[in-house]
Structure formats: C-alpha cells, structure tokens
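Once you have looked at the hints, place chain B with the ligand on chain A.
Residue-level listing of the chains:
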Amino acid sequence: MKTRNHLSNVGIAHQVEIISNGLLDIPMLQILSPEGQVHEAATEPALDKETALKIFHTMQYIRVLDERMIAAQRQGRISFYLACTGEEASTVASAAALSPDDMIMSQYREQGALAYRGYTTEEFMNQMFSNEKEPNKGRQMPIHYGAKEHNFMTISSPLGTQIPQASGYAYGQKMAGKEAITICYFGEGAASEGDFHAGLNMAAVLNCPVIFFCRNNGYAISTPAEEQFKGDGIASRGIGYGIKTIRVDGNDFLAVYAATQKAREIALSENCPVLIESMSYRLAAHSTSDDPTGYRSREEEAKWREKDPIARMALWLTAKGWLDEKANEKEVESMRQDVLQELKRVEQVPVCKIDEIVNDVYDQVPWHLKEQLTELKEHISKYPEQYPKTSGRIN
Amino acid sequence: MATMNMLQAVNSALMTAMDQDERVMVFGEDVGHFGGVFRATSNLQEKFGKGRVFNTPLVEQGIIGFANGLAAQGSVPVAEIQFGDYIFPAFDQIVNETAKWRYRSGGQFSVGTLTIRTPYGGGISGGLYHSQSPEAFFSHCPGIKIVTPRNPYQAKGLLLASIRDDNPVLFMEPKRLYRASVGEVPEEDYQLPLGKAEVVKEGSDITLLAWGAQMEVIEKAALMAEKDGISCEIVDLRSILPWDAETVCESVQKTGRLLINHEAPQTSGFAAEIATTVQEKCFLYLESPIARVCGLDTPYPLAHEKEYMPDEFKTYEAIKRTMNY
Ligand SMILES: Cc1ncc(C[n+]2csc(CCOP(=O)(O)OP(=O)(O)O)c2C)c(N)n1
Chain A
1 MKTRNHLSNV GIAHQVEIIS NGLLDIPMLQ ILSPEGQVHE AATEPALDKE TALKIFHTMQ
61 YIRVLDERMI AAQRQGRISF YLACTGEEAS TVASAAALSP DDMIMSQYRE QGALAYRGYT
121 TEEFMNQMFS NEKEPNKGRQ MPIHYGAKEH NFMTISSPLG TQIPQASGYA YGQKMAGKEA
181 ITICYFGEGA ASEGDFHAGL NMAAVLNCPV IFFCRNNGYA ISTPAEEQFK GDGIASRGIG
241 YGIKTIRVDG NDFLAVYAAT QKAREIALSE NCPVLIESMS YRLAAHSTSD DPTGYRSREE
301 EAKWREKDPI ARMALWLTAK GWLDEKANEK EVESMRQDVL QELKRVEQVP VCKIDEIVND
361 VYDQVPWHLK EQLTELKEHI SKYPEQYPKT SGRIN
Chain B
1 MATMNMLQAV NSALMTAMDQ DERVMVFGED VGHFGGVFRA TSNLQEKFGK GRVFNTPLVE
61 QGIIGFANGL AAQGSVPVAE IQFGDYIFPA FDQIVNETAK WRYRSGGQFS VGTLTIRTPY
121 GGGISGGLYH SQSPEAFFSH CPGIKIVTPR NPYQAKGLLL ASIRDDNPVL FMEPKRLYRA
181 SVGEVPEEDY QLPLGKAEVV KEGSDITLLA WGAQMEVIEK AALMAEKDGI SCEIVDLRSI
241 LPWDAETVCE SVQKTGRLLI NHEAPQTSGF AAEIATTVQE KCFLYLESPI ARVCGLDTPY
301 PLAHEKEYMP DEFKTYEAIK RTMNY
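Going down the list, the sequences are from chains A and B.
The numbering of the first sequence is our numbering, which starts it at 1 and goes up by one.
The numbering of the second sequence is our numbering, which starts it at 1 and goes up by one.
Source of the hints: derived by calculation from the structure; they are not laboratory data.
By construction, the Cβ of each residue, glycine as well, lies at the ideal position given by its N, Cα and C atoms.
Hints may contain errors.
Unchecked claim - Short derived list, chain B residues pointing at chain A, Cβ under 7 Å: (1) ASP30; (2) SER125; (3) ASP228; (4) ILE230; (5) THR298; (6) PRO301; (7) ALA303; (8) HIS304; (9) GLU307; (10) PHE313.
What the hints assert, rightly or not - Result set (BS3-like, lysine-lysine): computed pairs, CA atoms no more than 25 Å apart in a straight line: (11) LYS50(B) x LYS230(A); (12) LYS220(B) x LYS344(A); (13) LYS353(A) x LYS148(A); (14) LYS389(A) x LYS220(B); (15) LYS330(A) x LYS49(A).
Bound conformation, chain A alone:
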C-alpha cells in the first residue's frame, strides 16, 4: 500500500476530477454458497472434522442458549438479555481461527467466541444471574462477560471504547514479544464513534497486530445502516486509514474462518492491523428491551432467516459426510437440558456479600469507603427485611 504523506509522493493531475465512492467497490468473500456448496472458484480452507464440528456445535449451542435466556428474561428470571441469532458463524468461526493466547475484546454480541473458548453454561449463567460465583462479582448487567483465563476482556457498555484499547493491547503484546494478537469486535453502529477512528488510526500508524472485526448486521438498535453511514460500508474506512481490509459474508463460516486466519497471519508476521467487515443480519431484537416490529418488516426478517448460517453449515457438513443427523439432534437436545438444568441450579446461588460493594474500586479500600461500608452494614442490620439479598450475611 502506498503512503502518500509527503508532497513529493503525490501524483499530479491536470483536470478537475473529484474522486467519488464508486471507484472503491469492495467485494465480499463467499466460499460457501447460500445452498451450502463450495463455489467452484473458491479455495476451501483446510479444516479438520473435529474443528468443523466444534464450530458447528458451538453455533448450535449459542442458539439454544439465546432462545432459553430470552425466555428466562420474559419469565422475569433475569433482567436483560441480548442474542446473536443470525450472526453465529461470524463470531464463532472467527474465534476458531485464532490462538487461545490471542486477546478478545468484544462488544456484547460475541458470546459465540467465548463459548468456543470453553466458557461453560454454568459460567454464562453465573454472569447473567449476577451471583457470587461470577468473576465480575455481579456488578454489571447480564451479558457483560469477562474471563481472564480465556483471554476475554470484560465487556464495557459504552460503545466503541474497546477499539483504541485493542490497538494499545496489541501494541503491548508486540512489545512484550508475544506470539499473539488482539481481535476487536464491534458493530457497524459503533464504527461511527470517535473511538473507532482514533483506534484505527493509532493501530495503523503504530503498527499494532490487531484484527478489527466489524459485524455489519444492518441495524444499530432501530437505525438502519443507510442512516448510519454513506460510502462503501466499514471496509472502505479501513482502506482510508491505510489498513489491510477484507469484506466477508458473515453467514458463511468458511469465508469468516479463512479471512480471519489470513488476517491473523498478516497481523502477526507484518505487525499491522487488519480490518474484517462481516456482512450479516441481526435476526434477533436488539435486546430484550427492544421491539423490532417498530422499525422493520417481518418479510425482511424472513428473507434473512433463509440465509441461516447454521443451516448453511449443516449442508456443508452433510455433503462431507461429517454430520450424523440423529446424533446431532440428540446433542442439541442435551444442550437444551443442560441449559435448563443449570438455569434452575444457578438461579439459587446468592449474590456476593455486601463487602464486595466497595472492593475493586481501588486496589485497596480507602478510608472513606471503609467508613461508608460500616455505615451501610449498620443500616442493613437495622432494616434486614429491606435488603433481603445481603442482610442474612452481614458478617
């Protein structure tokens, strides 16, 4: 890629010619056709049966989890949930192309990547029920996962903030001589935030081994992509920042896998960022607080349901002779049972003791927080029935 940062590098033209967007028309990599066949002109990435099935089962698992947790929210058992239905291939296949040492910095719809790394049903539930077993100590809303042992950075709600952080994390990995990169997930909506521009520019200039993975799923809550940006999507912005870029079909797990694998190789060997724009559709509501019928049609959703990434992958697996339908049905059923049972069990686990309210604000609890905790405990013991979650375990 040419970098024209000096007058001497700039080519000369003699006619007024305004460059417009049409000149940059970035294609979308598709390896697996919507009918589940590998395109003739495409190169199928090498993928052993075991890995392929792990990707498939993780995608199925996440769908089961999403369905069950949305139901649990409707029953008032958890306060909030956010599903990734329709985008399972995008996040699971990208995670599969990484090394477990790579850091994942996620937005909030990437539970598939976390599940691929081995996060268990119990761990998912602990977080969603904000209980005392949860590593974030029940401080954040459901779906704000974080798991140090899985190199999965704890999620923060303010959008886009993780993008420049990912650049910094990756720079640190490089300086420490680690054989690892950072992947940063975000939505096309979040790509409008100032942090996106700051993060990409920093990564490009400072040569950070980071993959920016944009899930372009067509909507940011109710705002459709055409009200979010002009121009050729998010991919063209990567080019603008001098970042190697690829656009992929996000419902095609092979395209996502191949592109992420390549991006990782480039990031690591060339010490530079790569941007992946994964084109998909948010089949689910934005969250359980949202009602998509207020801003889009059932027909539009139905059209996308036909492009289901799980069904597409199943066709590919079947053609390979790797999918035993009966065994798979059983497996999915046991996932359902597992989720249901864990839900019932984890629901009973209490929240953290009240002391945790002042821990982790600083490395040590300063005097004023100690004072506030003492007062709070005294108060709770005076009104135990008003604070039932903690009053039984004040000491």
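Frame of chain A; chain B with the ligand shown alone:
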C-alpha cells in the same frame, strides 16, 4: 388537562415547541421513526418530517458538535443523548464548546438555543452503565444550565422553558419515573421558571432537599418521620444550575436543619456545593450539621443496587440523627 406519564409529557412538550417554532429540530440515536429507545420522540417525525426529526449516526460527540453548529446558526436543536452514561463521549463538546461559546466570542456568537435531553439515574437494574447521575460533572462547568423535573407536569413546563431559554440547557430526565410517574398535564403551552426551587410541602423541623426521582424518596421518608412527630419541609431544587439558594436558605432559616439527598456518589456531588453555601449563608440558624444521603463513592453496582441507593430508610435514619444531634 390530560393524564400523562413523564414520557408523554416530554413528547407533548416537544410537539408544542416544534409546532410553535419552525426552527426547533429534534435528533439523536434512534429518535426518528422509532421514537427513541424510551419512545419520548414518538410521532414527531410523522408530524414534522425527516428534515426536522432525524436519527443520527451513533456518535455522541458528533451529535453535540453538530447541535452546537446548528445552534450557532440560529436553529433550535433539541439533541437527545440516549443515556446519561453515554454523554461522556460528548463531554469536550459540551464543556469546552457549548458552555464557553458566548463567553469566548464576547457575546458575538452563542449556542443558547441548544437543549440536550438525557435520561439519567438508577433503580432500574441498569448496573454500571445505565444508572449514572452525571449532574455534578456539569455543575462544575460555567455556562450551561442544568434542569431536572420530578413529575410529568414539571417535565413539560420545564422542558418548554429550557428549549426557549437563551442559554444551553442540560435537561436530565429521571428514567425511573418515565412510566412510573403519572399526573395531570395541560395539553396547551405553559412554562415553569428555570432557576427556581419549589417548596412542595411546608414544615418546621427540618428541610429535606432533592431533585428528580429522589423527590419520591424524601417524600416517603418525611411520612415516616412525621409519624415520630417530626415536621419536614420538602423542597424540590428543580434547577441544579443556577440553583435557587434563596428559597433553600429561607427554608433552612425557618427549620434550622437541612438534609440533602442525591443519587450520585457523595464525594464532590452537588450536595457538597449546596451544603457549603447554606453553611455560609445560614450558619447561625443551623441547629445541627447538614446531612447528606447520597450514593456510595463506588461505580453504580447491579446486584447491590438496593443497598447502594440512598433510599427512604437511609433518609429516615438521617433525619432522626439530625434531629437528635
Ligand atoms: C457510547 C454509547 N452510546 C449509546 C449506547 C446505547 N446503545 C447500545 S447498543 C447500541 C446500538 C449498537 O449498534 P451496533 O454497534 O451496530 O451493534 P449491534 O447491536 O447491531 O450488534 C446503542 C446505541 C451505548 N451503549 N454506548
């Protein structure tokens, strides 16, 4: 009069303002056809068109920067920040630009027509990033007004006054009350004064002061205290900046005691400012130290939300301590 909840009252104020002045424009994330994630801007786009009511890209610094430009040009922007917690990406535009525009240009230019609406506060299981009360950050910044309604009637009257005030106004809507608070609201145009507190209930032993959703809390605490024979005067600050020191001090001079309740963390919260001023102006009238019942000095937690809240029980206990000092 019609019965409305707070969202409907905000919507009614926006309808009225847009009807009456063509220069009024409403925008922000998801505010267009969808009507905002809370539906405060419902039906506005249908009525006034996409030119005046529109979705913006997801960028708060852009929303406020754009609104600043619009206001400088003479339009009347009412910009929505979806949650008070997400106002911080726009902090620079508000603190360094909005607030200083008139001063730095010697009064030649201003963005006085700008109103920023944002839902704030907790009690909705929102955890760290959907519960914050950021008023104190902005109270440290000369050049913007800060206003908080406590019910639908106030929401409409104060929002109309904010839109028409010739200063930039940060209008903070207590989201816990959006649907919970219902009351009579005139369908026609009316305004309530900015910068004026309201004495909601007279009393003689102690002044209880709050704003927004915490008004309910001090009202409940007052009922508990009254059973013990303590007579509480209840004051709603309504405007956090400029704030009505006169009304507050008059009340304290009468009762001799003051308790301030807010949801934001105690340290450098707005209660600290009020307490200092009252202490300066009413020192000889005070019969006990000014009490603060506030959020803890921690980020806003989820599982321990109930414990974190400066609720009526904590307030009631503080009233008794103040009385028995
Ligand atoms: C700074 C900030 N502003 C606003 C929000 C509220 N919000 C949460 S999700 C969301 C839409 C995000 O859309 P996108 O990035 O496209 O991701 P998707 O939900 O489509 O996966 C908004 C506006 C937020 N979390 N942070």
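Agreement of LYS220(B) and LYS344(A) with the hint, judged by alpha carbon distance not exceeding 25 Å: 37 Å, violated
Hint check, GLU307(B) versus chain A [nearest Cβ-Cβ separation less than 7 Å]: 6 Å, holds
Pair hint LYS50(B) and LYS230(A), alpha-carbon separation not exceeding 25 Å: Between LYS50(B) and LYS230(A) the Cα gap is close to 17 Å, so the pair holds against 25 Å.
When the least beta-carbon distance from PRO301(B) to chain A is tested against 7 Å, hint result: 5 Å, holds
Restraint satisfaction for PHE313(B) [CB to CB of chain A, less than 7 Å]: Where the cut-off is 7 Å and the nearest Cβ of chain A is about 5 Å from PHE313(B), the hint holds.
Status of the hint placing ILE230(B) at chain A (closest C-beta pair under 7 Å): Hint violated; ILE230(B) Cβ to chain A Cβ min 18 Å, cut 7 Å.
Chain A contact restraint for THR298(B) - C-beta distance below 7 Å: OK, holds: THR298(B) within 7 Å of chain A, min 5 Å.
Chain A contact restraint on SER125(B) - CB to CB distance below 7 Å: 4 Å, holds
Agreement of hint ASP30(B) with chain A interface, Cβ distance less than 7 Å: 5 Å, holds
Restraint status (C-alpha distance of LYS330(A) to LYS49(A) at most 25 Å): The hint holds at about 19 Å.
Chain A contact restraint for ASP228(B) - C-beta distance below 7 Å: 15 Å, violated
Cut-off 7 Å, beta-carbon criterion: hint that HIS304(B) touches chain A: Constraint on HIS304(B) satisfied, holds at 5 Å.
Consistency note: the structure conflicts with the earlier hints numbered 3, 4, 12.
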